[in-house]
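A.B. asks: Using the sequences and the hints, build the whole thing.
These are the residues of each chain, in order.
There are 2 protein chains.
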Amino acid sequence: MKRIPLILVTNDDGIHAGGMKALISVARKFGNVVAISSREPMSGMSHAITIKVPLRVKLISQEPGLTSYVTNGTPVDGVKLVFNSLSERKPDLLLSGINHGSNSSSSVLYSGTMAAAMEGAVNHIPSIGFSLLSFDPNADFTASVPYAEEMIRHVLEKGLPDGICLNVNIPALPAEKIRGIRVCSQANGYWKEEFERRTDPNGTEYYWLTGFFHNREPENGGTGTDEWALKNGYVSVVPISTDLTAYGVLEQMKSLELAQTGKNE
Amino acid sequence: MKRIPLILVTNDDGIHAGGMKALISVARKFGNVVAISSREPMSGMSHAITIKVPLRVKLISQEPGLTSYVTNGTPVDGVKLVFNSLSERKPDLLLSGINHGSNSSSSVLYSGTMAAAMEGAVNHIPSIGFSLLSFDPNADFTASVPYAEEMIRHVLEKGLPDGICLNVNIPALPAEKIRGIRVCSQANGYWKEEFERRTDPNGTEYYWLTGFFHNREPENGGTGTDEWALKNGYVSVVPISTDLTAYGVLEQMKSLELAQTGKNE
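Same order as they appear, the protein sequences are chains A and B. Quick note on my numbering: the first sequence kicks off at 1 and runs consecutively. Quick note on my numbering: the second sequence kicks off at 1 and runs consecutively.
Worth flagging that the hints you see were computed from the coordinates, not collected in a lab. Please note: incorrect hints may appear among the correct ones.
Which copy? The list can't say, so a pair holds if one copy fits it or any two copies do.
Straight-line Cα separation of at most 30 Å, DSBU-like style, residue types lysine-lysine; simulated pairs [unchecked claim]: (1) Lys158 to Lys192; (2) Lys254 to Lys158; (3) Lys21 to Lys2; (4) Lys254 to Lys231; (5) Lys254 to Lys177; (6) Lys90 to Lys254; (7) Lys254 to Lys52.
C.D. replies: This is the structure:
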C-alpha cells in the first residue's frame, strides 16, 4: 500500500499570504501538509540562514492533514527546521509559493521562494517553486491552481533529477488566456537598480532600493527563455540546478592551473 | 594609454576582518580600490537584498588609491550601491573576501562572499570570491596572497565569460605545502543540520543552527571536485554560473509541456 505523501509548503511572503493559502489548498488534495512560514514577508532573503539570533518556532494550528508553524527565520531556515526537527519523516515533496510577483530570469537569485525550493533539492527532496506575475496582495490564484496541480501530479509520479528543482512562473492572465506550459531556460537579464536617496529628520542620508528588470535577450529571439514564454502567455518552467558549476567553461578555465605560484611539484 | 583599473573589494565578514584587509592590500597593487562592507559580519546572508529598512552608507576613509565605505546592507546591497550610486565608473574587477572559512561545494549557496561575486557577474563585471579554510578571526593570509595575485592578474588580462565568476578556496596550509591550483566542479554535498534546542529564561524554546558538511561524492572518486582538490592541498577554482538552468535535463523535462491543463491551442 502506498503511504500518503507528506508535503512541505512554504513561501517568502509570510503565513498570511493568499498565495500560500492557495498552495496549501492544492497540496491537501495530494497528501498531508506541514506548512511553515514567517509572520512578516521575507522577500529578497534569497538563501540566507539565521546565525546571529535564536530561531523561534510556534505551532499555530493542527488539524487532520495540516500542521502549520510560524518562525522568525528565513524561508531556508524554515525548510531546515522541518527537515531536521519538526517532522518525523522527510517530506516527499516541497512546494514553495505561490509567490506574489515574478521570479523569472535572474530574479531567481534574490528569491526566498526559490531558495526554499533549492534547499529542498540540495536535500534530494523533489521541490517546486511557484510564482504568479502579480504583486497584488489580493491577487486571484484561480488560474494558477490547475497548473500547480498538474506539476504536483507529475513530480509525485516521476520525481525530479537529484539536485534539481523547478522554477514555475505563471502569467497574471485569466485561465482561458493561458496558452499552456513551456519548459525554458533562464533568460539572460538583470535588475538595473537605482537608489532613491532621501534625507531623514536628523539630516542623514539614506537609500531605498528601486529598479527595473532589463532583458539582455535579442528582441525577436530568446524564444526558449522564461521571459519569452511569460510574455507570450505561457506558464514557464525552468529546471534549476543547485550545482552552480559553469561546466561549459571548465576546459577554457584550465589555463589558470598553469600559474606557477607556490609551485613545488 | 591604459587607464588604471578600478577594483571593488567587498566581503561578508565585515569591514574589520583580516581577510578583507589582506585582499585590499593585494588589490592596491593592481589599481584603485573602492571598498565596501558592513560593520557587523553578514555570513550566511547569501544573495539577500534589503527591502524593508533604509540603506545607510558612510564614507569612512579616503586616501590616494583607496576609498572605503560601510553600510548596514548585505554584501549584495553593497555591490549594488557601488555600481549604481557610489562610483562614477563601473569597476573593472570585483573581489570578494578573503572569507574566514570555506565556501566550497554547496556552501556557495549560503555565502554572502560568493553572492557578492555573483552579483558582479550578473552585471558583467569580472568577479572573484576568495575563501580561506580557517574560521580563525586572526587567520594568517600570507600563503593566500600569491594565489590571489595570480588570479587577479589572469582575470584583469583575459577577463571572464559573461555571467560567470570564480569561487576560489584556499587550504589553510603554509605556502610550501600548497600544491598549486586546480580548476574544479562543485562537489555534490550538503549541510546535515542539527538544531540545538534550548529554553530561554521565560521558558520559551528556541533553536541554534548547528551542523556538519556531508560529501556525497564517492570516497575514492570526486577527483575533479573542489572538495577533493582542497583535501589534497590544492587551491580550488570553480567557475560559477549565474544562469541556474539545468541544461542537462531540459529535454527530459519537456514531458511537462504535454500537460493538457488550460489547453486552448
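A.B. asks: How would you label the pair Lys254, Lys177 (within, between, both, or neither) given a Cα cut-off of 30 Å?
C.D. replies: For Lys254 and Lys177, the Cα distance is within 30 Å only across copies (21 Å; inside one copy 49 Å).
A.B. asks: When no copy is named, should Lys158 and Lys192 be tagged within, between, both, or neither for a Cα gap of at most 30 Å?
C.D. replies: Result: close only across copies, 26 Å inter versus 39 Å intra.
A.B. asks: State whether the alpha carbon distance between Lys254 and Lys52 is at most 30 Å within one copy, between copies, both, or neither.
C.D. replies: Neither. Shortest intra-copy (39 Å) and inter-copy (43 Å) distances fail the 30 Å Cα cut-off.
A.B. asks: Have a look at Lys90 and Lys254 and pick one of within, between, both or neither, based on CA distance no larger than 30 Å.
C.D. replies: between (40 Å within a copy, 28 Å between copies)
A.B. asks: Is it within, between, both, or neither for Lys21 and Lys2, if the alpha carbons may be no more than 30 Å apart?
C.D. replies: within (27 Å within a copy, 58 Å between copies)
A.B. asks: Given identical chains, is Lys254 near Lys231, meaning Cα to Cα at most 30 Å, within a copy, between copies, both, or neither?
C.D. replies: between (39 Å within a copy, 19 Å between copies)
A.B. asks: What label fits Lys254 with Lys158 when the C-alpha limit is 30 Å: within, between, both, or neither?
C.D. replies: between (37 Å within a copy, 13 Å between copies)
Of the numbered hints listed earlier, the single one contradicted by the structure is hint 7.
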